[in-house]
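These protein sequence lines are chains W and Y, in that order.
Counting in our numbering, the first sequence runs from 1 upward without gaps.
Counting in our numbering, the second sequence runs from 162 upward without gaps.
Each hint should be verified, as a subset may be incorrect.
As the list claims (entries may be wrong) - A few chain W residues that don't get close to chain Y, going by computed Cβ distances all over 12 Å: (1) Glu68; (2) Pro119; (3) Ala124; (4) Ser151; (5) Gly152; (6) Asp154.
What the hints assert, rightly or not - Cut-off 35 Å, straight-line C-alpha distance, at most; resulting in silico cross-link-like pairs (DSBU-like, lysine-lysine): (7) Y:Lys334 / Y:Lys314; (8) Y:Lys172 / W:Lys120; (9) W:Lys116 / Y:Lys599; (10) Y:Lys758 / Y:Lys728; (11) W:Lys120 / Y:Lys599; (12) Y:Lys470 / Y:Lys334; (13) W:Lys55 / Y:Lys211; (14) W:Lys11 / Y:Lys334; (15) Y:Lys305 / Y:Lys265; (16) Y:Lys599 / Y:Lys470; (17) W:Lys120 / Y:Lys334; (18) Y:Lys405 / Y:Lys265; (19) Y:Lys724 / Y:Lys758; (20) W:Lys120 / Y:Lys610; (21) Y:Lys611 / Y:Lys599; (22) Y:Lys172 / W:Lys116; (23) Y:Lys211 / Y:Lys305; (24) W:Lys55 / Y:Lys814; (25) Y:Lys606 / W:Lys120; (26) Y:Lys724 / W:Lys120; (27) Y:Lys724 / Y:Lys172.
The hints are simulated quantities; they were obtained by calculation from the structure and are not laboratory data.
Glycine included, every Cβ here is placed at the ideal spot set by N, Cα and C.
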Amino acid sequence: MPQVSMTVNGKNVAGEIEGRTLLVDFLRENLGLTGTHVGCDTSQCGACLVHVDGKAVKACSIFAGEAEGAEIATIEGMGEADGTLDHVQQAFQDHHGLQCGFCTPGMVMSAHALLKENPKPSEAEIRHYLQGNICRCTGYHNIVKAIMVASGQDATGIAAE
Amino acid sequence: MPDGGIGASTKRREDVRFLTGTGNYTDDINLRGQTYVHFLRSDVAHGTLKSVDTGDAEAMPGVIRIFTGADFEEVGGLPCGWQVTDRDGNPMQEPGHPVIARGKVRHVGEIIAAVVAESRDAARDAAEAIIVDIDDLPAVVDMKAALEDGATKVHDDLTSNLCYDWGFVEDNKQAVDDAIEAAAHVTTLELVNNRLIPNAMEPRVAVGDFNRATGDSTLYTTSQNPHVIRLLMGAFVLGIPEHKLRVVAPDVGGGFGSKIFHYAEEAFCTFAAKALNRPVKWTSTRGEAFMSDAHGRDHVTKIDLALDKDNNFTAIRTDTYANMGAYLSTFAPSIPTWLHGTLMAGNYKTPVIYVNVKAVFTNTVPVDAYRGAGRPEATFQLERLIDKAARELGVDPIALRRQNFVTEFPYATPVAVEYDTGDYNATMDKLEEIADLKGFEARRKDSEKKGLLRGLGINSYIEACGIAPSNLVGQLGARAGLYESATVRVNATGGITVMTGSHSHGQGHETSFAQVVSEMIGIDADMIEIEHGDTANTPMGMGTYGSRSIAVGGSAMVRATEKIIAKARKIAAHLMEASEADVELKDGQFSVAGTDKSVAWGDVTLAAYVPHNYPLDEIEPGLEETAFYDPANFTYPAGAYACEVEVDPETGKVTVERFAATDDFGNVINPMIVDGQVHGGIAQGIGQALLEACAYDEDGQLLTGSYMDYAMPRADDVPFYTVDHSCQTPCTHNPLGVKGCGEAGAIGSPPSVVNAVIDALQSGGHDVAHIDMPLTPSRVWTAMQG
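Taking the hints into account, I'd like the entire structure generated from these sequences.
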């Protein structure tokens, strides 16, 4: 069985895999990091989105072996050092940007990646960026709002609630 | 009063685990010694199953055992929970529904064999080595063709593909025909309510486990109602008594109806875990979900509205064909009948109504409840029809609705339900304000300057929620009661654990239910924990669907809490040496009116468990109460929705520019959560109206089997929504005055979107009366070409 090693949330990890093992399965099954979810088999829902060397990657779209030596960040590695929610997570809670929570890890990871690229995205830019993250619960209203707030923008002018 | 009681937009406590990746969804559960099952599914819609040769596959590495239909001959079929009676008084035709196909396959996705192996990949590899010999048979897909003489039968042992021919209210049929004959104007509309695939983001998962030492079975499953699964699977399929069967539905990633039903995979994993004496896990792929989760909607309808010379509605007649798919899913027969026909009055005082529904078997995946379930189908027909009538008569569509609104309550409809309360003019007034209808013409001119057609669509809606009075639904054919339960366990130091039969899979019950108990006792919500989802520690409950959780489950919790307060008051009276009648509870403190005597909540709860100074001759120690609540009536949320679209005349592409919703949900526990429920429902309604369609070809092949083909609404398909629930006419028959909010958005939104597109096209001089959903660019463009 091939070996793979990488850094996940700042820790060095290694494991035996099959050549066909996807990164998401390595994270979930080998490492027990079940916060990264699988919502489809065609790399479209975005529930498995993680960061690979700082970039947003759907963990179902690459093999674990392709992540050899990479720095991976998953939802379990987010948040402040003292265990409290980070500004993106907090905005999602404050503005009810999640319901069932299944797409949420991918949404949070996607939001972080967006804000790194574009610290003050417009509503249209946020909506466009989230094309690869499907949510069935929220109708996206509060997700977009939370990301605007997380980027320091005033969201009070958004359609009245 | 502590913060966080009824009416507060308390932040959700469940969010922290979901935001940090520490939720516990069913696929996150792995048991020692676990095996994995892969289901080999039919790739043809209809055929005779001649042989299933598992020999080569059984020799593959890691394979433990392969099960086929023959292994399930002694096992019951999947039961249907509702029996509809047809127009002649006969029961519906009810075919068997095997866990694994025997003799025939009847839809793409039906299970032919189940491979259990040491790993998921090993199971999948071995499934590819199974040799299946199927003689293809012609498939029936179109409902009307399925009912023609000589049509291929989905089930050989039934007389035809007709499940039932239902008339409602049969005694009104002649009066309706007469009223239509005598009408000054009749508007007729033929339409399709498009078949949808629910697509909760979490695919279904089942983990079966068997404890040889105790003989107990456990099923972990993605369910909206674990007790219902325990009852159906235990009593009807596997023959396991409920005290030997535990069903756990932990964190569940959305349901929208699709996780109500008892599915074959649940029964298989529970059965196989015992047969193999090892845990058996199944995780659905999205591809499997498309061909095995129950689908929704799929009605073909012709509806007539009769009006008198003053534009008063005088009669409604509707004929619907409803697709059941190949088998009857758990609640399938009730959806096009009792959850659809009873809502055909809408918000209007039409004196006579007749509804005919023919339910039809086809070689497609079973169809059952999907968010709204029957009520969106009723609303869509009615609200499209009224818009068409207004256009034909040259009257304002809002004025026509207002003229015919029910305004006096209670109101008994001609379709057997009684609306307890409502104010449809109030929600329409509010809608006109928040949607800024006065500004529409200016916005239309702006769109025209860009070369785009702008349209405004309005509709009202009403739904029956808080499902349901058990006695009534029993008379209508339900094979279950529809009460809800709660146990309130007060601990010695004053903290409370509420065990509810409701189930939360996104609705935020852990937060909002705690707000209710907090308000009633006057202690912080942080002192209250809500437990749900495990039959081992919650009382028998019917689960969450039909916008029933707060109206029925919340009411059970209120009743149990009232019993707690009554007992605690007796203890407090004893401690204060006062008369019970003089003891008041406020802000978590019991006091004697007119004195300075008081005891804190914690003193009373401690006394209940350390009964040294305690009225033991009057009451038992301890402080734990259970209540079952059976509603007296449905609840009737209602409101008005407005959608503004832009249509690009060059391409037919529709863009939703503005969306506003006013809902009367009665009293509201957590406004933030209610807003979120409406937002999500609207997106699903916009999805149905513009994007989503489950498509089969004429051979019964599923054409929309992945997110490559089935258009889910994305963030850039929808706008921000303006929602309001300040118009509140509290429900008159439940203790919280609540009506339920989970389905409204999905019920109320599709007609306003379609009405808006038709309005846009008409404004551009295109004489288009109707386009069937989804209003894709191609359909809109084609309609514009005349």
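Status of the hints after comparison with the structure:
In this structure W:Glu68 is separated from chain Y by more than 12 Å, as the shortest Cβ-Cβ distance comes to about 20 Å. Taking the minimum C-beta to C-beta distance to chain Y, about 19 Å, the non-interface status of W:Pro119 holds against the 12 Å cut. Remark: the non-interface label on W:Ala124 conflicts with the geometry, its nearest Cβ contact in chain Y lying 7 Å away (cut-off 12 Å). Its beta-carbon lying about 15 Å from the closest one in chain Y, W:Ser151 satisfies the requirement of being farther than 12 Å from that chain.
Non-interface status of W:Gly152 relative to chain Y is upheld: no Cβ of that chain comes within 12 Å, the nearest being about 19 Å off. Every Cβ of chain Y is farther than 12 Å from the Cβ of W:Asp154; the closest lies at roughly 14 Å, confirming the non-interface assignment. The straight-line distance between the Cα atoms of Y:Lys334 and Y:Lys314 is roughly 30 Å, inside the 35 Å bound, and the hint therefore holds. Proximity of Y:Lys172 to W:Lys120 is assessed by CA-CA distance (about 25 Å); at most 35 Å being required, the pair is judged to hold.
The hinted pair formed by W:Lys116 and Y:Lys599 fails the criterion: a straight-line CA distance of about 41 Å is larger than 35 Å. Proximity of Y:Lys758 to Y:Lys728 is assessed by CA-CA distance (about 19 Å); at most 35 Å being required, the pair is judged to hold. Taken as a hint, the W:Lys120 and Y:Lys599 pair is honoured in the structure, with Cα atoms around 33 Å apart against an allowance of 35 Å. With a C-alpha separation of about 22 Å, the suggested pair Y:Lys470 and Y:Lys334 falls inside the 35 Å cut-off, and the hint holds.
Pair hint W:Lys55 plus Y:Lys211 does not hold up; C-alpha atoms about 52 Å apart against a cutoff of 35 Å. Pair hint W:Lys11 plus Y:Lys334 does not hold up; C-alpha atoms about 73 Å apart against a cutoff of 35 Å. About 23 Å separates the Cα atoms of Y:Lys305 and Y:Lys265, which keeps this hinted pair within 35 Å; it holds. Between the alpha carbons of Y:Lys599 and Y:Lys470 the distance comes to roughly 29 Å, so the proposed pair stays at or under 35 Å and holds.
For the given pair, W:Lys120 sits about 62 Å from Y:Lys334 by alpha-carbon distance, which is inconsistent with the 35 Å threshold. At most 35 Å may separate the alpha-carbon atoms for a hinted pair to count; Y:Lys405 and Y:Lys265 meet this at roughly 33 Å. Among the hinted pairs, Y:Lys724 with Y:Lys758 is consistent with the structure: their alpha-carbon atoms are about 23 Å apart, no more than 35 Å. Between the alpha carbons of W:Lys120 and Y:Lys610 the distance comes to roughly 30 Å, so the proposed pair stays at or under 35 Å and holds.
Taking the CA atoms of Y:Lys611 and Y:Lys599, the gap is about 21 Å. The hint holds against a cut of 35 Å. Of the supplied pair hints, the one linking Y:Lys172 and W:Lys116 holds, its CA atoms being roughly 27 Å apart against a limit of 35 Å. Simply put, Y:Lys211 and Y:Lys305 have alpha-carbon atoms about 30 Å apart, close enough for the 35 Å limit, and the pair holds. Taking the CA atoms of W:Lys55 and Y:Lys814, the gap is about 33 Å. The hint holds against a cut of 35 Å.
A hinted pair counts as satisfied when its Cα atoms are at most 35 Å apart, and Y:Lys606 with W:Lys120 qualifies at roughly 32 Å. Between Y:Lys724 and W:Lys120 the alpha-carbon distance is near 53 Å, which puts this suggested pair outside the 35 Å criterion. The straight-line distance between the Cα atoms of Y:Lys724 and Y:Lys172 is roughly 28 Å, inside the 35 Å bound, and the hint therefore holds.
Going down the numbered hints, you'll see the structure goes against 3, 9, 13, 14, 17 and 26, while the others check out.
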